[in-house]
Amino acid sequence: AQSVTQLGSHVSVSEGALVLLRCNYSSSVPPYLFWYVQYPNQGLQLLLKYTSAATLVKGINGFEAEFKKSETSFHLTKPSAHMSDAAEYFCAVSGMDSSYKLIFGSGTRLLVRP
Amino acid sequence: DTAVSQTPKYLVTQMGNDKSIKCEQNLGHDTMYWYKQDSKKFLKIMFSYNNKELIINETVPNRFSPKSPDKAHLNLHINSLELGDSAVYFCASSQASKGDYGYTFGSGTRLTVV
Chain P
110 AQSVTQLGSH VSVSEGALVL LRCNYSSSVP PYLFWYVQYP NQGLQLLLKY
160 TSAATLVKGI NGFEAEFKKS ETSFHLTKPS AHMSDAAEYF CAVSGMDSSY
210 KLIFGSGTRL LVRP
Chain U
12 DTAVSQTPKY LVTQMGNDKS IKCEQNLGHD TMYWYKQDSK KFLKIMFSYN
62 NKELIINETV PNRFSPKSPD KAHLNLHINS LELGDSAVYF CASSQASKGD
112 YGYTFGSGTR LTVV
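Chains as they are written, first to last, in the numbering used here: chain P, 110 to 223; chain U, 12 to 125.
Possibly wrong hints are sitting among the right ones.
[Said to hold, decoys possible] In silico contact screen, one side only, chain U against chain P (beta carbon under 8 Å); selected entries:
# : residue
1 : 52
2 : 54
3 : 56
4 : 61
5 : 75
6 : 79
7 : 97
8 : 107
Note that these hints are calculated values from the structure, not bench results. The beta-carbon is built from N, C-alpha and C at its ideal position, and this holds for glycine as well.
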């Protein structure tokens, strides 16, 4: 069975500072991993995905994530936070089984201070 | 052009009523999903259809019944609504059978049962 754990329900950074959102996964098979962002009162938007190609994945809005098998991690980073990055971020894992379902983490609320 | 559209966006109804939420995708995807997001932002899969065939039916009360008339539509009917059904319901789609597990989400339906 697959699962993801997001460390920190809230992360607060200053504008211009590094953003680091943590995600650890558990999977009995090589996983596909995803980061989604949810702005208030909106649906989820795909930021980036890891599908067993390059371990460093670049996404939209300047975000990137690195797949580290030895650490079972897929942390999301952005070098310089912008006020518009304030949102809820979800890590998700898929086991690539016939159900095609994504299992989501509990989310991390990113707050950006001016 | 909205890729995954849900209607209605807001739904306020009394306990005991029956209501439906509709979802349509124009992406040509073969798999559609319903997720429930609770007040703590936790996302849980409810149902999944692949080419009109039910492939995921999580532990959801029998009062919830999905219907997929074709692979572009997945509706959710809820009987005898209860207070605990209040949540945001998201529809999503993917081209999972072709190896693309990334979901495209609708903007959600906020259901409030009073």
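Here is how each hint holds up against the structure:
{"no.": "1", "hint": "52", "verdict": "holds (5 Å)"}
{"no.": "2", "hint": "54", "verdict": "holds (4 Å)"}
{"no.": "3", "hint": "56", "verdict": "holds (5 Å)"}
{"no.": "4", "hint": "61", "verdict": "holds (7 Å)"}
{"no.": "5", "hint": "75", "verdict": "violated (16 Å)"}
{"no.": "6", "hint": "79", "verdict": "violated (14 Å)"}
{"no.": "7", "hint": "97", "verdict": "violated (16 Å)"}
{"no.": "8", "hint": "107", "verdict": "holds (3 Å)"}
Comparing the model with each numbered hint stated earlier shows that hints 5, 6 and 7 do not hold.
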